[in-house]
Amino acid sequence: MSDTLKHLYQVVEDRQSNPQEGSYTCYLLDKGLDKILKKVGEECSETIIAAKNGVQAETVGEISDLLYHLTVMMVKQGIPLEAVLEELDQRSAKIGNLKQFHISDHNT
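Residue numbering for the sequence shown follows the working numbering, beginning at 1 and increasing consecutively.
Treat the hints with care, since some could be wrong.
[Unchecked claim] Pairwise CB distance ranges, derived in the manner of DEER restraints:
1. N18 - G54: 38 to 48 Å
2. V60 - E13: 37 to 47 Å
3. K52 - D14: 32 to 42 Å
Quick caveat, the hints were computed from the structure, so don't treat them as lab data. Here a beta-carbon is modelled for each residue, glycine too, at the ideal position from N, C-alpha and C.
Full structure from sequences and hints, please.
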């Protein structure tokens, strides 16, 4: 899985370094962080709705859109993919890392 994400990250980095006319990635990078974050928010909402609707193919598509836009955000902000993967590795190695939750979270 991480090979696919690594490849995506490399493609986005390449678009940042070598802009190509007509590239959606270049368009987002050129428009800046506000536009990218707007798309991240939209895709997050669409992912939630798709999951709630229970259609797996739709949910997979929206998750893919979200991961793409998050990758563009990471590249724009200079956040290396390796930093995120290392953080996930560290978190998965923890045992008993359930965080305390508020009473209001019981019903969700």
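Cβ distance range 37 to 47 Å for V60 and E13, holds or violated: Check failed, 25 Å falls outside 37 to 47 Å.
How does the Cβ-Cβ distance of K52 and D14 compare with 32 to 42 Å: does it lie in that range? 36 Å, holds
Return holds or violated for the Cβ distance of N18 and G54 against the range 38 to 48 Å. 41 Å, holds
Hint 2 from the earlier list is the only one contradicted by this structure; the remaining hints agree with it.
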